[in-house]
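Novice: Numbering (my numbering), first residue to last: 54 to 319.
With a straight-line Cα cutoff of 27 Å, these simulated DSS-like cross-link-like pairs (lysine-lysine) come out: (1) 151 x 131; (2) 105 x 176; (3) 189 x 88; (4) 284 x 315; (5) 287 x 317; (6) 176 x 189; (7) 203 x 317; (8) 315 x 287; (9) 189 x 105; (10) 273 x 284; (11) 317 x 284; (12) 203 x 284; (13) 203 x 153; (14) 105 x 153; (15) 203 x 151; (16) 105 x 203; (17) 315 x 273.
Distance ranges between label pairs, derived from CB positions: (18) 180 x 292: 34 to 42 Å; (19) 303 x 107: 42 to 50 Å; (20) 273 x 89: 41 to 49 Å; (21) 306 x 129: 50 to 58 Å; (22) 129 x 304: 55 to 63 Å; (23) 262 x 218: 18 to 26 Å; (24) 217 x 272: 15 to 23 Å; (25) 218 x 315: 22 to 30 Å; (26) 114 x 270: 21 to 29 Å.
FYI, nobody ran anything at the bench for these hints, they're computed from the structure.
Glycine included, each C-beta is placed from N, C-alpha and C at the ideal position.
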Amino acid sequence: MPNQKMLMLIATFLVAIGLIGALFTFSTSGATTEKEQTEVIQNADITDIWVKSENATINIVSTTDEKITLVFTAPESKHHLYELSIEENEESLAIELKEKFLQFISLDLSLSSPEISLYLPEKDYDMLEINGVNGKIDVRDAAVTDINVKNVNGRIQLTDLEADSTSVTSNNGSISIENVTGQITTDVTNGSTALITDDLDRFIDLASVNGRINVQTKEKPTNATIEVDVKNGKVDIFGQDTRHSSFGEGEHLIKLETVNGKIKVE
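From just these sequences and the hints, can you work out the full model?
Specialist: In structure tokens, the structure reads:
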């Protein structure tokens with residue numbers, strides 16, 4: 054009898070493994086198949102842009118084309134679960150991606166995620182605002198007066214941007230800013246902050262709760278004051294352990310603050 058029970062347990066286990074394998078095969082059989090939706094914005098006067106998404110990667114890049122182009126890509130098995138809305142109002146463009154209903158149980162084990170790619174013609178824009186929930190946000194090669202990026206979960210990457218003011222907020226996810234002009238403000242709860250720039254002679258405010266802050270610059274500032282506040286972590290400002298550094302007349306304030314993490318300027 055004990056042997057029979059053991060055999061039944063083994064058989065049940067093997068059947069369960071088989072079912073899981075079948076479900077995995079079924080759910081991933083079309084994982085590499087992507088469905089793409091492309092929308093071309095005919096209005097050439099757009100200067101203000103809003104992008105909002107619940108669960109998608111957001112890419113903003115420049116293009117040599119004359120019209121704004123939006124491309125939404127998702128696995129074919131998931132594409133129908135999302136609703137993409139586009140609203141134009143004179144010089145404003147609002148884009149929002151919503152899930153049609155909550156997905157409590159999903160048999161789709163695809164690693165692919167929905168993706169929004171917005172291609173902007175090369176010109177000066179007044180405002181760009183991005184609100185994400187789950188997914189990476191990547192903005193590159195654009196000229197925008199005011200940039201405001203918020204994300205709940207996911208990395209934020211800003212690269213090669215001409216701006217007057219840039220504000221970045223993240224709950225969970227690293228922030229990386231490279232070659233972005235103008236004033237810069239960041240605030241992250243859990244995640245590192247990296248700033249790579251040619252110069253520091255401007256207002257900069259980088260704040261973190263849990264995460265290191267690293268600033269790399271080609272030249273030391275000539276007219277700025279660096280104020281550092283660290284509760285638990287080391288400080289390295291151009292090789293010195295100091296909370297206050299002044300350069301020239303110190304007109305431009307650079308604030309670096311974290312509760313848990315190292316702060317380094319080099």
